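Here are the chains, one letter per residue:
Protein chains: 2
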Amino acid sequence: MRRSNVIRYALEQYTSYRVPNIQCAQSVWYTQSTNNTFAVWRRRVHCSTALAQKRPERVQLSSVRFPQLKRGDFARVTDRDLQVFERLVPSRVLTEPDDIEGHNVDWSGTCRGDGQVLLRPKTTEEVSAILRYCNGRRLAVVPQGGNTGLVGGSVPVFDEVIISLSLMDKIISLDEISGVLVCQAGCVVDKINGALEPHGLMTPHILGSKGSCQIGGNISTNAGGLRMLRYGNLHGNVLGVEAVLANGDVLDCLSTLRKDNTGYDLKQLFIGSEGSLGVVTAASVLCPRIPGAVSVALLGCDSFAQVLQTYDAAKTMLQEILSAVEFMDRASMEVVQENLQLTCPLGAHSYYVLVETSGSNAAHDEEKLNSLLGYVMENGIVGDGTVATEPSKVQSIWALRENVAVALRRDGCVYKYDVTVPMSRFYDLVADTRERVGTDVTRVVGYGHLGESDIHLNVTCPQHSDEVFDALEPWVYDWVAKCKGSVSAEHGMGILKRDYLYHSNTGPAVLLMKQLKKLMDPKGILNPYKIFPD
Amino acid sequence: MRRSNVIRYALEQYTSYRVPNIQCAQSVWYTQSTNNTFAVWRRRVHCSTALAQKRPERVQLSSVRFPQLKRGDFARVTDRDLQVFERLVPSRVLTEPDDIEGHNVDWSGTCRGDGQVLLRPKTTEEVSAILRYCNGRRLAVVPQGGNTGLVGGSVPVFDEVIISLSLMDKIISLDEISGVLVCQAGCVVDKINGALEPHGLMTPHILGSKGSCQIGGNISTNAGGLRMLRYGNLHGNVLGVEAVLANGDVLDCLSTLRKDNTGYDLKQLFIGSEGSLGVVTAASVLCPRIPGAVSVALLGCDSFAQVLQTYDAAKTMLQEILSAVEFMDRASMEVVQENLQLTCPLGAHSYYVLVETSGSNAAHDEEKLNSLLGYVMENGIVGDGTVATEPSKVQSIWALRENVAVALRRDGCVYKYDVTVPMSRFYDLVADTRERVGTDVTRVVGYGHLGESDIHLNVTCPQHSDEVFDALEPWVYDWVAKCKGSVSAEHGMGILKRDYLYHSNTGPAVLLMKQLKKLMDPKGILNPYKIFPD
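Chains as they are written, first to last, in full-length UniProt numbering: chain A, 1 to 534; chain B, 1 to 534.
Hint data in this document are derived by calculation from the structure and do not stem from the laboratory. Remember, it's a predicted structure, so these values are computed and weren't measured experimentally. One thing to keep in mind: the hints can contain errors.
Copies of one chain are not kept apart here, so a pair can be met inside one copy or by any two copies together.
[What the hints assert, rightly or not] BS3-like, lysine-lysine: derived pairs with alpha carbons at most 27 Å apart:
{"hint": "1", "residue 1": "482", "residue 2": "416"}
{"hint": "2", "residue 1": "122", "residue 2": "170"}
{"hint": "3", "residue 1": "70", "residue 2": "514"}
{"hint": "4", "residue 1": "170", "residue 2": "484"}
{"hint": "5", "residue 1": "122", "residue 2": "484"}
{"hint": "6", "residue 1": "170", "residue 2": "482"}
{"hint": "7", "residue 1": "523", "residue 2": "122"}
{"hint": "8", "residue 1": "514", "residue 2": "484"}
{"hint": "9", "residue 1": "523", "residue 2": "70"}
{"hint": "10", "residue 1": "70", "residue 2": "518"}
{"hint": "11", "residue 1": "484", "residue 2": "416"}
Start from the sequences and build out the full structure, keeping to the hints where you can.
Structure representation (C-alpha cells):
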C-alpha cells in the first residue's frame, strides 16, 4: 500500500508542482548595480530585494558596496594555512577564483564576498579540525549550505574561509517505524525526499529551493516552507543536531527521541542562528507520512473580513486535513493573468484564498472540501469558488499562486518584503503601502501564507526609483515593528536585515543574543558581520 | 457549529476521562521513609518513585535525607529582607510554617525543602523586583508553578525563597482566528481550556495534572502529555515567552507569530530548563481546534513485531486523524483486571495497542478505523480487536490504559521508570528487566506512549526490597543510556535524576549547559542544586 501510485503522485505534488525552479530563476534575477557611496550603501542595504531583468556583469563586492563595514580583526589566509587545510581535507581545498565565484555570490546576486579559499569537508571530524585550526589562527569562516538564502547570510563579506557542507550528503539512518531520519547536514531536501519516498515518508518541511537547499542550512535559518501550517516548524520537528562549535568541539545532540528532557535542549540554539553559534553537521528529523490524497479549493472574497471568515471556516471544517491556506489579492491575480496569461477559473474578486487539503482518503477529503464550499457560499462569505481533486487541475490552481513572483518580475523592478504581521493587520500593510506610494508605481500587490500570517508585500516599477524606495524603507519595517510583526518571516537577518534586528527584538533580548554569541564564539570567527547591527 | 455538543463532548474527552485526578491520588501516594545514612541517601535518590500505601507523618527534609548536598554560598533571609519583600509584594509574603508546608513538599512526597518564605507576585514587574533584590542579596530562589513535577524540581532543597506563580493567572489575549493565546505563567491548564472552549480551541498539550499544573511550569519542564503525537511538542507550539532573568531584567520574547526569524530564538532557552535560567512569567501558545469526533480501537497482538506492524499500519492508514497510540503488555492488562476488576473486551494477548483518532467527521473516522481493523486482522497482525465510537465505550477502553498506575499501587511497593528508548528496543527493556529481577517481584509491567517511544517500566513487590532496588538501579538507567535513550522522558532532571545527566548527554553538552547557566545566572540563585550533578 505504501508504495502505491497514489502516494507517488502525492509526493510528486508535494515536491514538484508547488515550487519554481530556483536554479533556472537564478540566471534571470539580479539586483540593481549601485555607486559606491554611503547614501547608496544605505539604499543597498535596505533595497536588498529590488529586482530587475538583466544580471550585471559582476555583482559588486559587499566590502565595496557597504563601506561602513570594517573587516574584523581576523588573520588572513597564508600559504602555510593552505598547506594545513590541504592536510585536513586533502584535494578539497579550492583556491581558483572560478571555482569559488559561485560560493562568494549569494543566490539573489545581492552580496558578493571576497573569499579566497573554499573547503569541502566530508566528515564531522574534518569540520572539527578546520574550526579548531581556524579558531586558533583567528581565521573567520562562513558555513555554506545550498546558498539559497535571501539575506546574504551564507556568503563571505570580506575574505572569510568558506566551509561548504555540500559533500556531507550522506543519509545516516532511517527508522521507518518512528519516521526519524538522521543525515549529514549537506543533504539536499530533494535527495532526502527521494530517500524517504520508498518508505512512504516525506520531510516535514518543503521549500521553493528544495532542489538546492540543504537540511543544515534549513536548520540554521529555521526555514518554514509550505507545510508549516500542517506539520509545524523545525523547532518541533528537528529531534537532534550535531554541531561543531567555534573551537572545534563536536556537540553531539543527535537524539532521535520525541521525548527527551535531560537538561537544556541545546539543539535549539542552532535552529535559526544562521551558523553563528556553530556549524550544523548532522541532524535527525521527524518525518510524516506522505498523504494519500491532495485537493485544493480556490475561493473568491470581496472583503478582507470575508477572507478571515473563510480561513476560520477552513480551520474549523477541515481541521486535520488542512495543509495550506494561501492568499492572493486582486492585483496578484491580475499580474499572473496580464504578464503570464494564466487563466483564473473564478471571476474578479478583491481577494482569493487557496485552501489545500492532504489526507488519507480522497473521497472523505473531497466531501469535507465540498461541505466547506457549500457553507461559505451559502453564508455569503465567498462569492465564487471551485474545488479541484484531479492532479492537473490541482496543479493549475497552484500555478496561479506560485507564479506571482515570476509574473511580477516582468513589470521591471520589484521591491519585495517578506514579513509576518498579526492576522488582524495582515492586509493593512498592503493597503497602507498602496496609499503611501500612490501612482508612482506600476502596482502594489499582497500575497502569501495566510495560515502563517506571512505576507509578501511587493511593489513594482518599470525601473528603480529613489523616490519609491525612499517611500518604502524604512517605512515598511517601521510599520511592521509598530504592530509587533517580524521583519523577517524567513531567511533570518544575514547581512541585509541586520540593521533591523531591534525592530523585532527588545534591547535585553539582543543583549542576551550577543552574550550567547560571545560565550560560544569568543573570537567571533563564525559567520561574522551577520545578524547583529554594529 | 463551533459551540456544538459534539465539540463540548470532544473537549470533555480530551480534558477529563483520560486523566486520573492527581490531587486525590496525592493523599494515598507516598515514598518509603529511610534512615539518614549515605547508603540510604543513594537509595533515596535512585528510588525516588518507590511507592507504597501509607503516607509517613512528615516527609523527611531533603537536606537531611541527602547529606551529601551542601547548602550553597547564599545569604539567609533576614527580617530586613522580609520588610523589603513586604514592600515588593504587599500582603503576599507568607512565613507561617502551615502556609508554606505544601510548597516545601513535592507532589510525590519525595522531597521536602526548608523554605521559610513564600512570595506570591501578581505581575511580571513584581517578579522582576523580587529577583533583582534576591540577586543583589545573593538569596537563592525556587520558582514554583503547580508543584506537580515528579523529580523534586519545584520545591526548595534548603531554605530557598519560594516564588509561587499561582496568582499570575490572567488570560491576556486570545486571537480566535490564529488560535494564539497569551496568558500569564500561573494559568492552570484546565482554566486555559475553559477559556478556550467557547472558541472551539484547546491547548496543544494535556496532562494528567491538568487540574493543578500551570503553563509556566509546563514550559519550564517541556511537558509532553497525551497529545504530543498529534500536535507536537512545546518547542513547536510555544510561540513566545516572557521571562525574568536572574538579575531581574525582563526578557520580552512574547511573540505571537508563527514565523519569526529575527536573531536567536531565545524563548527556547526557557522551555525545559526547569526555571534555572529565568522565571517564565507569560507565554503565547498556538492552540488547535477541538476535534469534532473521537474514537478508539483496542487491538490485541501476540508478538512485539506485530505491535510495531500495528503502529505502522495505524500511522499509514489513519494519518491525519491519529491522535494517540498507547501500549500495554499482558501484565499491565492483568493488573487492572486483578486489582481493579476492570473488564477487557478482548481475550488474552501478549500485547495490547490502543489507537485513538480525533477528526472533524465521525463517520469518516469510523470508516478509516474499521479499515485499519480489517487490514490488521486480515493480515494476521492482530488477533482480536474492537472499535468504540460511543462516548461511554471510548471511556471504558481508555480506563484500562489509564488505570494501570492505580492498579499497580495495590501490589504494594512500585518502582517506576519513565524513559524513552528507540522504538526498536521499546519492549526489550521490560523483557530484560523481567529476566534480571526473576521471581523476586510481584510483577514487571511495561506500558506507555508507543507513539512517542515512551515506556513506563514498573516493578512491584509487596514491600520495599533492597535486593530488588539494587538489581534495578542504576542498571535501568545504564540500559537506557546504552541504547541512546533518555533517562527522563518527562519532568526533567530536578534533584532526583540529576546524577544521571551524563547518561543522556555527552561531556561537551553538559559543559555548554553549565556555561549557559553561568552566563545567565552568574550567582546561581535560580533553582540551585537541580539538573546538574555536583
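Against the structure, the hints:
no., hint, verdict
1, 482 to 416, "within (19 Å within a copy, 51 Å between copies)"
2, 122 to 170, "within (9 Å within a copy, 52 Å between copies)"
3, 70 to 514, "within (19 Å within a copy, 34 Å between copies)"
4, 170 to 484, "between (41 Å within a copy, 21 Å between copies)"
5, 122 to 484, "between (42 Å within a copy, 25 Å between copies)"
6, 170 to 482, "between (45 Å within a copy, 24 Å between copies)"
7, 523 to 122, "within (25 Å within a copy, 42 Å between copies)"
8, 514 to 484, "within (22 Å within a copy, 33 Å between copies)"
9, 523 to 70, "within (16 Å within a copy, 37 Å between copies)"
10, 70 to 518, "within (19 Å within a copy, 32 Å between copies)"
11, 484 to 416, "within (20 Å within a copy, 46 Å between copies)"
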